[in-house]
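> Read off the chains here:
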Amino acid sequence: MTATEFALRTDGVGKRYRKGWALRDCTLALPAGGVIALVGPNGAGKTTLLRLVVGLLAPSTGTVEVLGHDVTASTPQTLSRVGFLAQDHPLYKRFTVAEMLRFGRACNLRFDQGLAERRLAKLGIPLDRRAGTLSGGQQAQVALALALAKRPDLLVLDEPVASLDPLARHEFLQVLMGAVAEGGVTVLFSSHVVHELERVCDHLVVLNHGRVTLTGDIDTLLAEHRLLVGPRTATDLDRAGAVVEAVHSDRHTTLLVRDGAIPTAPGWQAQPIALEDLVLAYLRRPSEPRAAVTSGVAA
Amino acid sequence: MFVFRLDTHSGVPPYLQLVQQVRQAVLLGFLQPGDRLPLIREVVEDLAINPNTVAKAYRQMEQENLVTGRPGQGTFVNEQQSAAMSASTYTSLRRGLATWLRRAYAAGLDEQAVNALFTSVHQQTRNEDVA
Numbered sequence: 181m182t183a184t185e186f187a188l189r190t191d192g193v194g195k196r197y198r199k200g201w202a203l204r205d206c207t208l209a210l211p212a213g214g215v216i217a218l219v220g221p222n223g224a225g226k227t228t229l230l231r232l233v234v235g236l237l238a239p240s241t242g243t244v245e246v247l248g249h250d251v252t253a254s255t256p257q258t259l260s261r262v263g264f265l266a267q268d269h270p271l272y273k274r275f276t277v278a279e280m281l282r283f284g285r286a287c288n289l290r291f292d293q294g295l296a297e298r299r300l301a302k303l304g305i306p307l308d309r310r311a312g313t314l315s316g317g318q319q320a321q322v323a324l325a326l327a328l329a330k331r332p333d334l335l336v337l338d339e340p341v342a343s344l345d346p347l348a349r350h351e352f353l354q355v356l357m358g359a360v361a362e363g364g365v366t367v368l369f370s371s372h373v374v375h376e377l378e379r380v381c382d383h384l385v386v387l388n389h390g391r392v393t394l395t396g397d398i399d400t401l402l403a404e405h406r407l408l409v410g411p412r413t414a415t416d417l418d419r420a421g422a423v424v425e426a427v428h429s430d431r432h433t434t435l436l437v438r439d440g441a442i443p444t445a446p447g448w449q450a451q452p453i454a455l456e457d458l459v460l461a462y463l464r465r466p467s468e469p470r471a472a473v474t475s476g477v478a479a
Numbered sequence: 005m006f007v008f009r010l011d012t013h014s015g016v017p018p019y020l021q022l023v024q025q026v027r028q029a030v031l032l033g034f035l036q037p038g039d040r041l042p043l044i045r046e047v048v049e050d051l052a053i054n055p056n057t058v059a060k061a062y063r064q065m066e067q068e069n070l071v072t073g074r075p076g077q078g079t080f081v082n083e084q085q086s087a088a089m090s091a092s093t094y095t096s097l098r099r100g101l102a103t104w105l106r107r108a109y110a111a112g113l114d115e116q117a118v119n120a121l122f123t124s125v126h127q128q129t130r131n132e133d134v135a
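Chains as they are written, first to last, in the working numbering: chain A, 181 to 479; chain B, 5 to 135.
Incorrect hints may have been included.
One side of the interface only, derived from the structure: several residues of chain A facing chain B at Cβ under 7 Å [stated by the list, open to error]: (1) Gln354; (2) Met357; (3) Ala361; (4) Asp399; (5) Leu402.
Capping the alpha-carbon separation at 25 Å, the derived lysine to any residue pairs in SDA-like fashion look like this [as the list claims (entries may be wrong)]: (6) B:Lys60 / B:Phe34; (7) B:Lys60 / B:Pro37; (8) B:Lys60 / A:Thr252; (9) A:Lys302 / A:Asp292; (10) A:Lys273 / A:Thr241; (11) B:Lys60 / A:His350; (12) B:Lys60 / A:Leu377; (13) A:Lys273 / A:Leu344; (14) B:Lys60 / A:Ala403; (15) B:Lys60 / A:Gly214; (16) A:Lys199 / A:Leu463; (17) B:Lys60 / A:Ala454; (18) A:Lys199 / A:Pro256; (19) B:Lys60 / A:Met280; (20) B:Lys60 / A:Leu303; (21) B:Lys60 / A:Glu362; (22) A:Lys302 / B:Val7; (23) B:Lys60 / A:Pro452; (24) A:Lys273 / A:Val355; (25) B:Lys60 / A:Thr400; (26) A:Lys273 / A:Leu247; (27) B:Lys60 / A:Gly364; (28) A:Lys302 / A:Ala286; (29) A:Lys302 / B:Ile44.
Worth flagging that the hints you see were computed from the coordinates, not collected in a lab.
The beta carbon of each residue, even a glycine, is placed where N, CA and C say it ideally should be.
So that you can see chain A by itself, here it is in the shape it has in the complex (with noise of 0.2 Å):
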């Protein structure tokens, strides 16, 4: 893959507040076109990292690119490629939307007003109402038009559904994805909520204190990982160090296994993992820092 097929790399990246690393030994390779989801913990470093990849914070070590630019460089015309939409997402409450699409026309290079009305129109959502009387989907809703209206190549949400009921919720991802099948976005959104994700997301990225723990392409790491369940067994089965997570019962031993090295002794069932419980052996592991599991991208 040539860089600008990479909508962010990032080498190397650190972020050290006052209070200490909030992020470390950042390197991600994120294919443009996909969409991808951040995730882990609260605390984990994912607002840190998505306000480097918009160049709202500047790296304390290694080099950001998002769409094979240096974000520290970033010109206007390269930031007016990247949209960002921050938790809970802001609107200035006493603007009407109309004056709210008038703003963003103003402050934006590049703004399809025609494209948000048109959205909002079709969701119900009149222009002429203050943005604070709108209800909590509703404002989620003119905030991604408004983001979606500059036409971004890189479109970054941080939490962009975690404060929305199930309803709100789905016709929020709706709205997304809908736009991401007009094309030409890649979508990079942070989320603590793990459920779900696989039918939104093809990228994955998990960070735990502060580190990439796992990354890659989603049907890659499932297709990789397996849960290995057998007899109980006090032998050690991780030489060839491809078990994520063992947990033994009375009678038997349950595996979490990656590549399939583990061949498949009698007496044992091997079955595929579900994307939450991967996610969750992995955040589950201790904090000690090690290579991150990297999947589905060539170096």
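Given the structure of chain A, go ahead and fit chain B onto it with the hints provided.
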């Protein structure tokens, strides 16, 4: 129009779920040759699903010769080479399974035990076929 569903807890990748649903519908006759599948866009907006996933499923179905995409028109179900299972085979397999299930429940197995048994035997049979 064919409607897809998604089971987010099955552990089966979403694109494979879509492929399996079409395969199954063709096998059972719910989808007939010439039927049009929904547009990728329609599936995306219906399920709130990643368009790349739907595109991947459609590509896979084309590779399997299950469907043909015609640019500008849509994706259509093909005439199946290995003709869909005959109705009598289907009925007899179904009846055999129903008989077995009734025996299993009569023996005191619950749904989970039945599934576990089925999966275990299924896997064993598959391994034997490979070996």
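> Check whether the Cα positions of B:Lys60 and A:Gly214 lie no farther apart than 25 Å.
At roughly 12 Å apart (the allowed maximum being 25 Å), A:Gly214 and B:Lys60 satisfy the hint.
> Need the status of pair B:Lys60, A:Leu303: alpha-carbon distance at most 25 Å?
violated, 29 Å
> For the pair we were handed, B:Lys60 and A:Ala403, check the Cα-Cα distance against 25 Å.
holds, 15 Å
> Would the pair B:Lys60 and A:Met280 pass a check requiring their Cα atoms to be no farther apart than 25 Å?
violated, 38 Å
> Taking 25 Å as the top limit, are the C-alpha atoms of B:Lys60 and B:Pro37 close enough?
holds, 21 Å
> Going straight from one Cα to the other, do B:Lys60 and A:Ala454 come out at no more than 25 Å?
Given pair B:Lys60, A:Ala454 holds - Cα atoms ~19 Å apart, limit 25 Å.
> Going straight from one Cα to the other, do A:Lys273 and A:Leu344 come out at no more than 25 Å?
Between A:Lys273 and A:Leu344 the Cα gap is close to 18 Å, so the pair holds against 25 Å.
> Would the hint linking A:Lys302 and A:Ala286 be met if the CA-CA limit is 25 Å?
holds, 24 Å
> Let me know if the C-beta of A:Asp399 comes in closer than 7 Å to any C-beta of chain B, holds or violated.
holds, 5 Å
> Does the structure keep B:Lys60 and A:Glu362 at a Cα separation of 25 Å or less?
holds, 16 Å
> Run the distance test for B:Lys60 versus A:Pro452: straight-line Cα separation, threshold 25 Å.
Satisfied, since the Cα-Cα distance of roughly 20 Å is no more than 25 Å.
> Regarding the pair B:Lys60 and A:His350, is the alpha-carbon distance no greater than 25 Å?
holds, 22 Å
This entry does not satisfy hints 8, 10, 18, 19, 20, 26, going by the numbered hints stated previously.
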